[in-house]
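> Quick note, the sequences are listed as chains F and Z, same order.
Reminder that position 219 of the first sequence reads as 219 in the working numbering, one-by-one numbering, no gaps.
Reminder that position 227 of the second sequence reads as 227 in the working numbering, one-by-one numbering, no gaps.
Accuracy of the hints is not assured; some may be wrong.
To be verified - Partner residues aside, some chain Z positions facing chain F, computed with beta carbon under 8 Å:
{"hint": "1", "residue": "Ile98"}
{"hint": "2", "residue": "Tyr164"}
{"hint": "3", "residue": "Val184"}
No lab work stands behind these hints: they were computed from the structure.
Only a predicted model underlies this, so the values are computations on that prediction, with no experimental measurement involved.
Where is the CB? At the ideal position from N, CA and C, for every residue including glycine.
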Amino acid sequence: MSVDSIIRDSATSRRGLRWWNLVVRELVVFLRTSFGSVFSREFLTVLIPLLILWEVLPRLGVVPRTLVPPPSAVVVTFRDMVVDLNMAEHLTSSAIRFTSGFLLALVTAFPIGVLMGWNLFIRKHALPLFQILAPVPPPAWVPITIILFGVGLPMQIFLIFLGVFYPILFNTYQGIKETDPRYLASARVFGASEFTLITRVYIWHALGSVIMGIKIGIALGLIMLVIAEMYGGRSGLGWLLLEAKEYFQIDRMVVCMVLLGFIGWFLIEVMKYIELKLAVWRIGR
Amino acid sequence: MIEAKGISKFFSVVNDDRTAEGFTALNSVSLRIESGSFVSLLGPSGCGKSTFLEILAGLQAPSDGQVWIDDKLVLEPLPATRREMEEYRKKYRFLSPIANSLFRDNPKHDIAMIFQDYAVFPWMTARQNVLFTLKLRGVQKSEREGAAADYLRLVGLSGSENKYPSQLSGGMRQRLALARALSVEPRIILMDEPFAAVDALTRERLQEDLLRLWQETKKTIVLVTHDVDEAVYLSDEVVVFSPLPGSIRNKVAVDIPRPRRRSSSEIREIKERLLAMYKYDTIHESDYSI
């Protein structure tokens, strides 16, 4: 083996190591900001007594055990559900629905919001339409959606899309519209075209409210996921929930609810992390 | 050369009791600024000097009058008749008159402007801020990095290239704004009270730096200020604005050879003359109002 190749190998391995280190470091940052706040000493002093209370009260018969399953029973049920009901499959189908509905809403609402915030002409033509449609509660769309799309994936995706679309749209629009005119003026004096203004000024200035919109969108999207699966479908967390209701299996309902809560919390933590990474400049303030 | 011909600017203001009222921010201001000169616009706050500067930069359209920079019209004035208004509306239906083109970055008049609160982009580091303006000017990508480092060194910011504006002090942010303005190699720099928000010592240093840069590069500088010392010390000519309605009250040439001393008797003499004028305006303010 020549000296050159040894040097090259060590260089690549070092680079590989660096890349690996970066991933680990970012993962640690993410875990610390997300799980760190749940498992902080301060919150554990609240969480542990609550869990003990939840465990002890049904066991002592203060509340009927059939109606309130203790956490230990919920854990056992969860294991049973994973084994018996093919939980992974249900979770995957829910995830596919949610992701496609969410992404569809993101790639439509964000550009429309940007365009409406940027240009008065577009705003005057498009905004009233959305202002009329947005107050219709998304669940009110369920009957007509089932008739139009039938029961199935398109209907579920459309319902989730409806939940996510408006929060992202209006928050993006608001953030873009409220861009500080001084920044725009300073870029204009230097000759920035409108397109440059959008990509380099407007979007960055509106970043906070866009991410806020996405967070609200995630929450509403999960609501619509459950509704969509309850009304049409043979799989997914919402369907499991409904199925558990039919057989009066309260422990299974609790498992589904805890899972949904966890998913929502996790997605919002992911958004917080993305915000942290994109808006490094705000940390100094 | 900047030539402002009869610039007027009217606003309509809504009062507390919900009645609308016309407000004259500028009343027929004409001014000629030669290339390579350093001119200060001096006046109390609210006398329309910042508005005048923004009209020079093409960030606001004048209600009447025209601004010519090197024999090129900056912005057409706002319409006066109903017919003109309709045409104007139709023409600027999609893009406002102050906007540049939709996709092509192209500075219109070789102007750079420095704002009172700097207006450097907080989401870009110092280096990225300068790189951005270099890109707007159309500098080749390979040359941008070197040029950015040069301009940052010129204003004494090397070492802080990778800091965000929020991590910089007020004076350093002002330097960054200056570096950004210089990086487009403009022939004219418009400054809107650039040193108002920094402490006295930093202000003096920034003024010295500005003078040095001006003498090295021989750009036209128009400085808006309410600080008499600053105006007299820095400029070739002081244009005194008076409020209500904003108009030019007087022009005072400062024929003192450079380098000047801040405490020299000539400077003090001019300063006292200006202060007397200033004071007269503030005391007799009501005489001007309509």
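> Could you run down the list of hints and mark each one as holding or not?
Comparing the hints with the structure gives:
no.: 1; hint: Ile98; verdict: holds, 6 Å
no.: 2; hint: Tyr164; verdict: holds, 4 Å
no.: 3; hint: Val184; verdict: holds, 6 Å
Going down the numbered hints, you'll see the structure goes against none, and every one checks out.
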